[in-house]
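S.K.: For the record, the sequence lines run as chains A and B. All letters in the first sequence, in the order written, are residues 2 to 126 by the working numbering. All letters in the second sequence, in the order written, are residues 14 to 258 by the working numbering.
Hints were generated in silico from the structure; no laboratory data involved. Ideal placement from N, C-alpha and C gives every residue a C-beta, glycine not left out. Honestly, I wouldn't trust all of these hints.
Between beta-carbon pairs, the in silico distance windows are [to be verified]:
(1) A:93 / B:228: 29 to 35 Å
(2) A:54 / B:78: 33 to 39 Å
(3) B:20 / A:114: 49 to 55 Å
(4) A:111 / B:43: 41 to 47 Å
(5) A:16 / B:63: 55 to 61 Å
(6) A:29 / B:123: 56 to 62 Å
(7) A:96 / B:146: 34 to 40 Å
(8) A:114 / B:248: 36 to 42 Å
(9) B:149 / A:69: 49 to 55 Å
(10) A:28 / B:122: 55 to 61 Å
(11) B:161 / A:112: 39 to 45 Å
(12) A:93 / B:237: 26 to 32 Å
(13) B:156 / A:111: 40 to 46 Å
(14) B:248 / A:28: 45 to 51 Å
Not everything, but these chain A residues come out facing chain B in the computed CB check (under 8 Å) [as the list claims (entries may be wrong)]:
(15) 32
(16) 36
(17) 98
(18) 101
(19) 104
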Amino acid sequence: MTLTSYVLGIAAALLTLVIVVELLRRGRLRERHAVWWMVAGIAALLASIFPVTLEWTAQLLGIQVPTNLVFFVSIAILFLVCLQHSSELTRMEGRARSLAESIALLELRLRDVEGEVPERQPPPR
Amino acid sequence: MQTALEKTLIVMPAFNEEESVGAVVREVLDQLPGAGCLVVDDGSSDNTAVAARAAGALVAVLPINLGVGGAMRLGFRYALEHGYSNVVQIDSDGQHDPGTVPAMLAGLADADLVIGARFAGAGEYVASGPRRWAMIVLSSLLSRISGTRLTDTTSGLRASGPRAVMLFSKHYPAEYLGDTVESLVIAVRGGCRVMQVPASMRVRSGGTPSHGAGKSAVYLGRAMIALLFALLRPPLGRRAEGGTA
Numbered sequence: 002m003t004l005t006s007y008v009l010g011i012a013a014a015l016l017t018l019v020i021v022v023e024l025l026r027r028g029r030l031r032e033r034h035a036v037w038w039m040v041a042g043i044a045a046l047l048a049s050i051f052p053v054t055l056e057w058t059a060q061l062l063g064i065q066v067p068t069n070l071v072f073f074v075s076i077a078i079l080f081l082v083c084l085q086h087s088s089e090l091t092r093m094e095g096r097a098r099s100l101a102e103s104i105a106l107l108e109l110r111l112r113d114v115e116g117e118v119p120e121r122q123p124p125p126r
Numbered sequence: 014m015q016t017a018l019e020k021t022l023i024v025m026p027a028f029n030e031e032e033s034v035g036a037v038v039r040e041v042l043d044q045l046p047g048a049g050c051l052v053v054d055d056g057s058s059d060n061t062a063v064a065a066r067a068a069g070a071l072v073a074v075l076p077i078n079l080g081v082g083g084a085m086r087l088g089f090r091y092a093l094e095h096g097y098s099n100v101v102q103i104d105s106d107g108q109h110d111p112g113t114v115p116a117m118l119a120g121l122a123d124a125d126l127v128i129g130a131r132f133a134g135a136g137e138y139v140a141s142g143p144r145r146w147a148m149i150v151l152s153s154l155l156s157r158i159s160g161t162r163l164t165d166t167t168s169g170l171r172a173s174g175p176r177a178v179m180l181f182s183k184h185y186p187a188e189y190l191g192d193t194v195e196s197l198v199i200a201v202r203g204g205c206r207v208m209q210v211p212a213s214m215r216v217r218s219g220g221t222p223s224h225g226a227g228k229s230a231v232y233l234g235r236a237m238i239a240l241l242f243a244l245l246r247p248p249l250g251r252r253a254e255g256g257t258a
């Protein structure tokens, strides 16, 4: 591994972490959505600073090329994030549905209440 | 019978049905005096709400399209809030005959959910080919689950008694086929008794029902998935819902 690729790995991991932390700090990202990105960023930082840990883990798991472990973990994390988003979307749909129902009920009630007021009577000022 | 009608709310989900909804509402009000009539405009882009209101129905307008299941849960919620004991679902395209409703309400004396079935003797509605086979498979499975003979589980004509209204106002699925297949499973698992009465169907005022082997296979597949997951779901009390606390 050349020095350039070593530095590039650390820089990429740091950039990811900085972006995630900054979004969290500004309230543009909620903690529960940031968990997997934080995990990914920290894992990437560790592996880029100490490449030995990556090689050691790969060997432990019986993976011959350590890079493949990186790909595997990356895909797994992306998969989990996608799944979390789908689940979140379902929840949001359920909430939107309930809100839509409530709005329709309120509108019906409003129409009912307004209907009770005699039409010729001028509204109080 | 009169008293049963007064405790009954007719709910008609309507999505872009401005041409037929008015006539159906007038027919319902005419044939079922005393019953409440609520049209749920399911995010239509035409004048469904205006037409239904002009015909004399109460109209609840959903700001977004939720599908039949969403529209029906709104109907159940309205019924519960306004003290109706029974809810009868009727399609707004005119394919259901309101004349069947009294027989269905009579059935509610012995059951919590009464389905108006198209193949149970009355009328001349005949589905043909693969679509019919798909419906037969589905019906035999659901008959087994519910413990009664059901021949038309995808019928949109159904009457719910107090117990089912309470259950459905909280748990009425909005997914595809959820309003027919899954709601039946929910009712059975919630302890409701299900039965069917024969109902005659008319030809739809507009549009033709889909046929064809491919479409029927897809339909059956989706129905099976809906059924499988309806059975796999956790019991009602522990379920995470979209927020109707």
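S.K.: Does the Cβ-Cβ separation between residue 16 (chain A) and residue 63 (chain B) fall within 55 to 61 Å?
M.R.: 57 Å, holds
S.K.: Could you tell me whether the CB distance from residue 28 (chain A) to residue 122 (chain B) stays inside 55 to 61 Å?
M.R.: Holds: the Cβ-Cβ distance is about 58 Å, inside 55 to 61 Å.
S.K.: Just to be sure I understand the hint, the distance between the Cβ atoms of residue 248 (chain B) and residue 28 (chain A) should be within 45 to 51 Å; is that true here?
M.R.: 38 Å, violated
S.K.: Taking 33 to 39 Å as the stated bounds, is the beta-carbon spacing between residue 54 (chain A) and residue 78 (chain B) within them?
M.R.: Taking Cβ atoms as reference, residue 54 (chain A) and residue 78 (chain B) lie about 52 Å apart, which means the hint is violated.
S.K.: Against chain B, is residue 32 (chain A) within 8 Å by beta-carbon distance?
M.R.: 20 Å, violated
S.K.: Confirm or reject the claim that residue 29 (chain A) and residue 123 (chain B) have a C-beta distance inside 56 to 62 Å.
M.R.: 58 Å, holds
S.K.: Has the hinted range 41 to 47 Å been met by the Cβ atoms of residue 111 (chain A) and residue 43 (chain B)?
M.R.: Roughly 28 Å apart at Cβ, these two residues miss the hinted range, so it is violated.
S.K.: Given the range 39 to 45 Å, decide if the beta-carbon distance of residue 161 (chain B) to residue 112 (chain A) lies inside it.
M.R.: 40 Å, holds
S.K.: Classify the hint on residue 104 (chain A) as holds or violated, based on whether any CB of chain B lies nearer than 8 Å to its CB.
M.R.: Result: holds, 6 Å to nearest chain B Cβ.
S.K.: Is the gap between the beta carbons of residue 114 (chain A) and residue 248 (chain B) within 36 to 42 Å?
M.R.: 39 Å, holds
S.K.: Assuming the hint says 49 to 55 Å, is it satisfied by the Cβ distance from residue 149 (chain B) to residue 69 (chain A) or not?
M.R.: At 51 Å between Cβs, range holds.
S.K.: Taking 40 to 46 Å as the hint, is the beta-carbon distance of residue 156 (chain B) and residue 111 (chain A) inside that range?
M.R.: Since the Cβ atoms of residue 156 (chain B) and residue 111 (chain A) sit about 44 Å apart, the hinted range of 40 to 46 Å holds.
Violated hints, listed in ascending order, are 2, 3, 4, 14, 15, 16; each of the other numbered hints is respected by the structure.
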